[in-house]
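The listed protein sequences derive, respectively, from chains A and B. Going by the working numbering, the letters in the first sequence line up with residues 1107 to 1219, in that order. Going by the working numbering, the letters in the second sequence line up with residues 7 to 124, in that order.
No lab work stands behind these hints, which were simulated from the structure alone. Check the hints yourself; a few may be wrong.
Cross-link-like lysine-lysine pairs, in silico, DSBU-like; alpha carbons within 35 Å at most [claimed, not checked]:
#1 A/K1206 to A/K1148
#2 B/K77 to A/K1148
#3 A/K1211 to B/K20
#4 B/K76 to A/K1211
#5 B/K77 to A/K1155
#6 A/K1164 to A/K1206
#7 A/K1148 to A/K1174
#8 A/K1148 to B/K76
#9 B/K15 to A/K1206
#10 A/K1148 to B/K20
#11 B/K63 to A/K1211
#12 B/K63 to A/K1155
#13 A/K1175 to A/K1155
#14 B/K63 to A/K1175
#15 A/K1175 to A/K1206
#16 B/K76 to A/K1155
#17 A/K1164 to A/K1175
#18 A/K1164 to A/K1174
#19 A/K1206 to B/K77
#20 B/K63 to A/K1148
#21 A/K1164 to B/K15
#22 B/K15 to A/K1155
Taking beta-carbon pairs under 7 Å as the criterion, some of the chain A residues facing chain B (in silico) [said to hold, decoys possible]:
#23 K1148
#24 G1149
#25 L1150
#26 L1152
#27 F1209
#28 G1210
#29 K1211
#30 G1212
No residue lacks a Cβ here, since even glycine has one placed at the ideal position from N, Cα and C.
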Amino acid sequence: AQSVTQLDSHVSVSEGTPVLLRCNYSSSYSPSLFWYVQHPNKGLQLLLKYTSAATLVKGINGFEAEFKKSETSFHLTKPSAHMSDAAEYFCVVSRLGDDKIIFGKGTRLHILP
Amino acid sequence: DGGITQSPKYLFRKEGQNVTLSCEQNLNHDAMYWYRQDPGQGLRLIYYSQIVNDFQKGDIAEGYSVSREKKESFPLTVTSAQKNPTAFYLCASSMWLPGLPTLNNEQFFGPGTRLTVL
Chain A
1107 AQSVTQLDSH
1117 VSVSEGTPVL
1127 LRCNYSSSYS
1137 PSLFWYVQHP
1147 NKGLQLLLKY
1157 TSAATLVKGI
1167 NGFEAEFKKS
1177 ETSFHLTKPS
1187 AHMSDAAEYF
1197 CVVSRLGDDK
1207 IIFGKGTRLH
1217 ILP
Chain B
7 DGGITQSPKY
17 LFRKEGQNVT
27 LSCEQNLNHD
37 AMYWYRQDPG
47 QGLRLIYYSQ
57 IVNDFQKGDI
67 AEGYSVSREK
77 KESFPLTVTS
87 AQKNPTAFYL
97 CASSMWLPGL
107 PTLNNEQFFG
117 PGTRLTVL
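So here's chain B without its partners, still in its complex pose (with noise of 0.2 Å):
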């Protein structure tokens, strides 16, 4: 089956410690992205890349980072720099088609990882 996996489901961090949410595809997609859910807020697009060891910042990159070092693989790191890290984080990935936008393609989420900081 292809699809995206996201792992863990659910996820316990004491404050100002970092963790890694992890995020695989094997759809054979280029762009990757990660977003941020809250209550009532819609999601924010946190990090996306769209090739290997490429990617751009999105409306909400503080106190995250990312690294795209295989195009199966896409992880989170959520820093203890970020100031309110409960949340449900969101991993996607789409088609990116050379002299289109990234972000104009049809995305395909992961069922996600909600954090909750302690």
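Extracted from the complex, chain A is given alone in its bound form (with noise of 0.2 Å):
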């Protein structure tokens, strides 16, 4: 069975200062691996996508996250937080073989000023 775990449901973290939000998964098979970001009563948007190419992903608005087969993990990254990156972020995986997605329960994302 394949599940994905956000390890904190809220971070909060000052302006300028790096971020990151973790996720780790489990699939049997080599999994494709997705964040999502969701502003305030708004859809998804996708922030960048891995599939079995470079282990480091970049995204868009400055995002990247690194594929860790080892570790199962695919934290998501931005050097420098702005005040626009307060949103919630869902870190998806979906399994190649019998087409099925699960999606995070989030986290939630507060820049301080």
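Two chains, each in its own frame: build the complex with the hints.
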């Protein structure tokens, strides 16, 4: 069975400091992994996607994530937080072969002035 | 502008009534999806459709029904059989490449409909 765990339900950082949102997954086969962002009362927008190419994936708005198979992790990072980054972030895993997708429960990112 | 529209933005319903949520896309995507979002729960898949006149149940299909008569439209009906329908409902679409799993592709989301049962 596959699953995805976002290790923090809330993360607070000061503006201009680094962001780290943690995601661990379990999957019997090579997964596809995604990070989506959701601003309040809006739909989700894709930040980045991993599909077995380069392990370091660069996304929009300065975000990137590194796929670490040995640690089964896909953490999202950004070098310097901006106030506009305040939102909820979802880590998503899908598995080639059985056409199933699982969303993490989300991490709400708060940016302190 | 290409995108996905959902209407209405807010919807109120009395217990025991069916209600239909609209989802339209002009991205020429073959696949469409309905999700339910509850606080602290992430998104859960209700139904999805890869092509017109075909759809599959997701993880929480009970109490919901869908139709896919046109490529652009994928309405969701919340029936009176759904025990706890108050939630935020999100519609999404994606390309479908034959031979590849639908759910591996990037999904584009609508702005959502917040349904409240009174």
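A quick look at each hint next to the structure:
1. About 24 Å separates the Cα atoms of A/K1206 and A/K1148, which keeps this hinted pair within 35 Å; it holds.
2. In summary, the hint linking B/K77 to A/K1148 is supported, as the alpha carbons are separated by about 24 Å, within the 35 Å threshold.
3. Only pairs whose Cα atoms come within 35 Å are accepted, and A/K1211 paired with B/K20 is accepted, the gap being roughly 29 Å.
4. Proposed proximity of B/K76 and A/K1211 is supported: the alpha carbons are some 32 Å apart, at most 35 Å.
5. Taking the CA atoms of B/K77 and A/K1155, the gap is near 26 Å; set against the 35 Å cutoff, the hint holds.
6. Distance restraint check for A/K1164 and A/K1206: the Cα-Cα separation of roughly 24 Å lies within the 35 Å cut-off, and the hinted pair is therefore satisfied.
7. For the given pair, A/K1148 sits about 30 Å from A/K1174 by alpha-carbon distance, which is consistent with the 35 Å threshold.
8. Taking the CA atoms of A/K1148 and B/K76, the gap is about 25 Å. The hint holds against a cut of 35 Å.
9. A hinted pair counts as satisfied when its Cα atoms are at most 35 Å apart, and B/K15 with A/K1206 qualifies at roughly 28 Å.
10. With a C-alpha separation of about 25 Å, the suggested pair A/K1148 and B/K20 falls inside the 35 Å cut-off, and the hint holds.
11. Restraint check for B/K63 and A/K1211: the C-alpha separation of about 21 Å stays at or below 35 Å, so the hint holds.
12. Restraint check for B/K63 and A/K1155: satisfied, since their Cα atoms lie roughly 25 Å apart, inside the 35 Å limit.
13. At most 35 Å may separate the alpha-carbon atoms for a hinted pair to count; A/K1175 and A/K1155 meet this at roughly 15 Å.
14. Taking the CA atoms of B/K63 and A/K1175, the gap is near 31 Å; set against the 35 Å cutoff, the hint holds.
15. Between A/K1175 and A/K1206 the alpha-carbon distance is near 20 Å, which keeps this suggested pair within the 35 Å criterion.
16. Distance check on the hinted pair: B/K76 and A/K1155 sit about 29 Å apart at the alpha-carbon level, within 35 Å; holds.
17. Between A/K1164 and A/K1175 the CA atoms are separated by roughly 17 Å; this keeps the pair inside 35 Å, and the hint holds.
18. Between A/K1164 and A/K1174 the CA atoms are separated by roughly 15 Å; this keeps the pair inside 35 Å, and the hint holds.
19. Restraint check for A/K1206 and B/K77: satisfied, since their Cα atoms lie roughly 22 Å apart, inside the 35 Å limit.
20. Between B/K63 and A/K1148, the direct Cα distance comes to roughly 24 Å. Compliance with the 35 Å bound is thereby established for this hinted pair.
21. Distance check on the hinted pair: A/K1164 and B/K15 sit about 33 Å apart at the alpha-carbon level, within 35 Å; holds.
22. Between B/K15 and A/K1155, the direct Cα distance comes to roughly 29 Å. Compliance with the 35 Å bound is thereby established for this hinted pair.
23. Because the smallest distance between the Cβ of A/K1148 and any Cβ of chain B comes to about 6 Å, under 7 Å, the interface hint for this residue holds.
24. With a cut of 7 Å, the hint placing A/G1149 at the interface with chain B holds, because the nearest CB-to-CB distance is about 3 Å.
25. Taken as an interface hint, A/L1150 checks out: its beta carbon lies about 4 Å from the nearest beta carbon of chain B, inside 7 Å.
26. The restraint placing A/L1152 at the interface with chain B holds, with a minimum CB-CB distance near 5 Å, inside the 7 Å limit.
27. Proximity of A/F1209 to chain B holds as hinted, the smallest CB-CB distance being about 4 Å (cut-off 7 Å).
28. For A/G1210, the suggested interface contact is upheld, since its CB lies about 6 Å from the closest CB of chain B, less than 7 Å.
29. Taking 7 Å as the C-beta contact cut-off toward chain B, the hint placing A/K1211 at the interface holds, the least distance being around 4 Å.
30. Residue-level restraint check for A/G1212 holds (minimum Cβ-Cβ distance to chain B is 6 Å; threshold 7 Å).
Hint check: no violations occur; every hint is consistent with the structure.
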